[in-house]
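Engineer: Here is how the chains run, residue by residue.
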Amino acid sequence: MSGLNNPFDPDLRLGACTCGQHASAAEHDAAAASAGVLGNDTEAMHRRVLASAAMRALFPRDDTRRRFLRAVGGSTAFAAIASVIPFGALEAMAQEKGPLEKKSLKIGFIPITCATPLIMAHPLGFYRRQGLEVDVVKTAGWALIRDKMLNKEYDATHFLSPMPVAISMGVGSTATPMNVATIQNTNGQAITLHVKHKEKRDPKQWTGFKFAVPFDYSMHNFLLRYYVAERGLDPDKDIQIRVVPPPEMVANLRAGNIDGFLGPDPFNQRAVYDEVGFIHMLTKELWDGHPCCAFGTSAQFVQENPNTFAALYRAVLEAAKMARDPASRPLIAKVISPAAYLNQPETVVEQVLTGKYADGLGAVKSDPNRIDFDPFPWQSMAVWILTQMKRWGYIKGDVDYKQIAERVFLATEARKRMTEMGMQAPATSYAKFKVLGKEFDPSTPDKYLAGFAIKRTA
Amino acid sequence: MTESLRAAALSLFFLALIVGAWHLATLPKETAAAAANDEYAKLMGKGAKKSDGFPTPVQVGEAIVKNLSQPFYDNGPNDKGIGIQLAYSLGRVGAGYLIACLVAIPLGFLIGMSPLLYKALDPFIQVLKPISPLAWMPLALYTIKDSSISGIFVIFICSVWPMLINTAYGVGAVRRDWLNVARTLEVKSIRRAFQVILPAAAPTILTGMRISIGIAWLVIVAAEMLVGGTGIGYFVWNEWNNLNLTNVLFAILMIGVVGMILDFVFARFQKLVTYVE
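Chains as they are written, first to last, in this note's numbering: chain W, 1 to 458; chain R, 1001 to 1277.
These are calculated hints, taken from the structure and not from any lab test. This structure is a prediction, so every number in the text was calculated from the model and none was measured. Hints should not be assumed to be uniformly reliable.
[Unchecked claim] Each computed DSBU-like pair below joins lysine-lysine, with the alpha-carbon atoms no more than 30 Å apart:
no., chain 1, residue 1, chain 2, residue 2
1, W, K103, R, K1145
2, W, K237, W, K434
3, W, K106, R, K1145
4, W, K200, R, K1042
5, W, K396, R, K1145
6, W, K196, R, K1042
7, W, K434, W, K416
8, R, K1066, W, K334
9, W, K365, W, K196
10, R, K1042, W, K284
11, W, K396, W, K434
12, W, K365, W, K334
13, R, K1042, W, K356
14, W, K356, W, K434
15, R, K1145, W, K152
16, W, K198, R, K1042
17, R, K1042, W, K334
18, W, K284, W, K434
19, W, K365, R, K1042
20, W, K102, R, K1145
Working from the sequences, and respecting the hints, build out all of it.
Structural biologist: Okay, here's the thing in C-alpha cells:
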C-alpha cells in the first residue's frame, strides 16, 4: 500500500498505485525511486499512510468514501474526521518517535553485490530519510571487518552470515555477542574455475585443486566443502581451500595461484568478463535460497541505541524491498557500480543482478533468481551453519543449536519490522530446506550431522 | 658538454628506450573477431574499453592527466582524489616517523654513550629490526583496537630501528680526542652532549633518518593496502580490485616520485650537517 496517496482526494482509488500507471503500489514506488521523485519527506508519508488507514476503516467501500468527499469537500472532511480521530497520537505510536541516540554512523562493507541493500541505501538516500548520516566504508577483507566491528570503529556492518555466529561464540575471535538484523542476500554466489579447466566439470577430477573462499566462517566455505564432500572428495585432504579476500580472487585466478573459487559476485562474473574463468555452477543449484551475507551489529549497540537501530533496520529493509523487485535491478546496478562502491564495470554488476549473464563458456544464460534479497533471518539457517561448523571441526563438543540461533538471528524483530513496512514475513522462524537434494530438518541437527560420510566429528 | 648534461641526455635516452619497448610490447593485437553471438560478445564487454592486457604508455599518460587534473575531488569516504590520498599517507608517515624520531634519537644517545647498554640491547634490536610491517599489523590491530593508530604504529615500529642503530653508532664513534678535550676543559655533560657529541654524530644520525624515511614510505603502502580506507596504498588496492592496471601504474609512479622527494629533502639535511675533518 503506497503511503503517498492523498486519502482525501475523491478521484483516487485507495489500494492501487498513485499514478495509475503501475499494477501495484510497490512497482510504482520502484519507478518513482528510479526517477528520483519518491517523497523524501518521511513524516508526510507516514501521515498519509495513517490517514489512508483511518479513511479505509471509516469507509470500507471506496465508492462511499469518494461520494462522501465529493459531497462535503476534502478539507471539511479532514477537519471533521480529525476532530474524532487523534491522527497525531497514532503517528507517534506508529513511528516510535524516540530521538535517535546516534545520528552519524559508520557501516563497513566488502565491495560485493551481496551488500547491495546496504550500499544502495546510501546513494538512494534511504539512510538520510531515516535521519541518519551514514558513511559506508569499503573494507579490505573479512578479518578486518571483524576487527573493526570488535574495535567499535564500525557501528554496524556487512557480515558473512556465519560470522556473527562465530564471533558470538568466541570462535576465531574474542567472544562478543553479535546480532544479525537481516539477511542481505540469498543465492548470488558461484563456483568459478580457471578457463584451463574447461574440461574438468566433474568434482572428482578436482583432486589437488586449490580453491579460494572469502573467509573460514562463510557460507562459501561451508557450501564448497559440502559440495565436494557430496561428490566424494575430502575438502581437507583432496583439495586445498585457502582464504582470499573476494576482491583479490580474480587477480589470483589470473596469476594461477588458485584453480578456482567459490566466491561472491561480482567477482565470478568479473572472472568471466576478463576471460580468466568460467562459471561452473551457481550456488543456487546447491541450495536454492541459501543465505549469504547479513546485516548486523553488536548486541551492545542494539541495547544502547534502540531507536537508531530501528531506523537502520527500516532503511535496510526499504532497500531490500526495492532490491527484490527485478524491475529496479538495472538502476541498482548503475548506482552501486561507481568507484565509491563496488568499482566495477556496470555491465558486470548488471549481469549479476538481472541474472542474464555470459557463463564464460560461450553461452548466455538467464536466471532471474541468480541473486535475491530476502531479508528474513531464518533461525533454521543459523542452525544449519552451526551443523557445518561442527562438521568441519570449527566448533567442538555439544552445541545448543537453537539457543545460539535465537540469540544471534533476530527473527522476531525482523518479522515485526517487515510487517510494519508492509513486507511479507514468514510466521515461523524455522523451516526445512534441501541442500543438494538432502533434506535438513532444523529440529534434529545432530541426526543430520551424523548422516554425513565425510566429517571431522568423532 | 658537461658531465651532468651528458648524464641528463643519457637519462632521457633510457627513458625513451623504456617507453619505446613498453609501447612495442603492448601494441594491440588483432583478436579473432569471433562475434558469432552478438549478445554474448556484448555481455563480455567486447568493443568496450577493457582492462585486459598490460596498459599502453598512452593509456597511462591519459590516466596521469586525468588523475592529476582533479587531484582533490572527494566523492565520499571511498572515492577521493590522488592529492587527498597522498596527503593522508604523508600524514600517517609524518606522525609515525616523528614518534620514531622522538624515541630513537634520545634512546640512541643513551645506548651510544654506554657500551654496556649497547651490548645488552643489541640482540633485541637485531631481532626486531627485520620484522615486516605486515607481520606487526594483526598484533597492532588486536591490541590497539584502532586501525588508523595501528597504521601509525607500524610506521613507527619499522622506522625506529635504523635511526636507533645509527644514532647509537654515531654517538659511540665520536672521536676520543674530542671527548678528552671537552673533559680537559671541564665541559658539563649536557653541554658536552649538545655541543660536542651531537654535531659530531649528526651525519650518521641523519643517514639513519634518511634510511628510516625511505622505510616508512615503503611501509605505508603495505599498511594501507591492509587497513584500507584512505591513502595511496588504499588507492592501489581499490584499483587492483577493479583490475585497473593503468591506475595502479599511475599510483606506482606517484609513490616513486613522492619517495624521491622525501629522500631528496633528507639528502639536503644531510649535506647541511656534514663536516670535513
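Engineer: Enumerate the violated hints, using their earlier numbering and listing them in ascending order.
Structural biologist: none
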